[in-house]
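Undergrad: Sequence:
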Amino acid sequence: MSEMAEKVLVVEDEADILTGLEVALGREGYQVTTAQDGEEGLKKAAETAPDVIILDVMLPGMDGYEVCSALRERGIRTPVIMLTAKTAEDDRVRGLDTGADDYVVKPFSMRELIARVRAVWRRRAEKEARIHQFSFGNVKVDFDRQTVSKKGKTIALSSYETWVLRLLVSMRGEAVSRQTILARVWGYDFAADTRTIDNHVVQLRQKIEDDPHHPKHILTAHGKGYKFVQ
2 MSEMAEKVLV VEDEADILTG LEVALGREGY QVTTAQDGEE GLKKAAETAP
52 DVIILDVMLP GMDGYEVCSA LRERGIRTPV IMLTAKTAED DRVRGLDTGA
102 DDYVVKPFSM RELIARVRAV WRRRAEKEAR IHQFSFGNVK VDFDRQTVSK
152 KGKTIALSSY ETWVLRLLVS MRGEAVSRQT ILARVWGYDF AADTRTIDNH
202 VVQLRQKIED DPHHPKHILT AHGKGYKFVQ
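Positions in the sequence shown are counted from 1; adding 1 to them yields this note's numbering.
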């Protein structure tokens with residue numbers, strides 16, 4: 002689990018800017034995936050589970066606001082940095098309201114943009130890493146010891162169960178896509194599919210839910226992934 006973003010998706014229709022971002026981010030060690038319109042950006046976000054998305058507002062077809070809203074509606078919680086030539090406060094607010102994490106106005110400094118990429122990923126990683134213990138209902142989870150205590154009985158968690166639960170708890174109330182879970186917990190090169198996540202969720206429900214067949218805490222977000230509810 003790296004503190005640095007490994008994969009960045011850039012959705013930008015201006016070829017010169019797209020190439021410049023791809024080269025600059027590549028020099029910093031990032032794996033860069035590109036798209037030149039909103040539909041392609043949505044598809045690649047689902048397929049590649051990037052750590053950070055750089056999203057231009059003025060795109061052909063779906064604009065950046067629509068893309069960002071669609072990402073959030075599909076349970077993709079990847080940090081988004083929006084790029085735009087618009088400077089009006091209402092435009093910036095609209096971008097943030099659709100679920101963007103940061104907003105950069107063109108023309109921009111490449112060094113500043115890369116620093117913002119690091120910053121939005123670091124904030125998300127730190128949010129996940131800060132959780133050491135967590136309690137809900139009659140359950141207490143110790144993430145450091147990889148255990149669940151329920152009604153006086155201590156149950157061991159596997160490493161992957163611990164990371165899946167920590168991620169869901171850190172984003173509680175939000176639908177987290179299977180692709181995001183797979184990328185964050187197993188890594189991009191791990192030869193697994195989304196059934197691996199479903200199997201681990203089944204095991205977690207057996208360990209923490211009073212009725213695993215009718216869970217109250219680890220819920221299925223249909224068409225998206227999973228959601229933790231306290």
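The set of hints was computed from the structure by calculation and includes no laboratory data. Possibly wrong hints are sitting among the right ones.
[Said to hold, decoys possible] In the DSS-like style, the derived pairs of lysine-lysine whose C-alpha atoms are separated by at most 27 Å in a straight line are:
1) Lys228 <-> Lys128
2) Lys141 <-> Lys128
3) Lys44 <-> Lys141
4) Lys228 <-> Lys8
5) Lys152 <-> Lys141
6) Lys44 <-> Lys152
7) Lys45 <-> Lys152
Undergrad: With the threshold set at 27 Å, check whether the alpha-carbon distance from lysine 44 to lysine 141 stays at or below it.
TA: Not OK: lysine 44 and lysine 141 at ~38 Å, beyond 27 Å, violated.
Undergrad: Hint check: lysine 228 vs lysine 128, CA-CA at most 27 Å. Holds or violated?
TA: Holds, at roughly 17 Å.
Undergrad: Holds or violated: are the alpha carbons of lysine 45 and lysine 152 at most 27 Å from each other?
TA: Violated - the C-alpha atoms of lysine 152 and lysine 45 are around 44 Å apart, more than 27 Å.
Undergrad: If you draw a straight line from the CA of lysine 228 to the CA of lysine 8, is it 27 Å or shorter?
TA: 24 Å, holds
Undergrad: Given the proposed pairing of lysine 44 with lysine 152, does the C-alpha separation stay at or below 27 Å?
TA: Judged against 27 Å, a Cα distance of about 44 Å means the pair is violated.
Undergrad: Do the alpha carbons of lysine 152 and lysine 141 lie within 27 Å of each other, as the hint requires?
TA: 9 Å, holds
Undergrad: For a C-alpha distance cap of 27 Å, please report whether lysine 141 and lysine 128 respect it.
TA: 19 Å, holds
The structure shown violates the earlier hints numbered 3, 6, 7.
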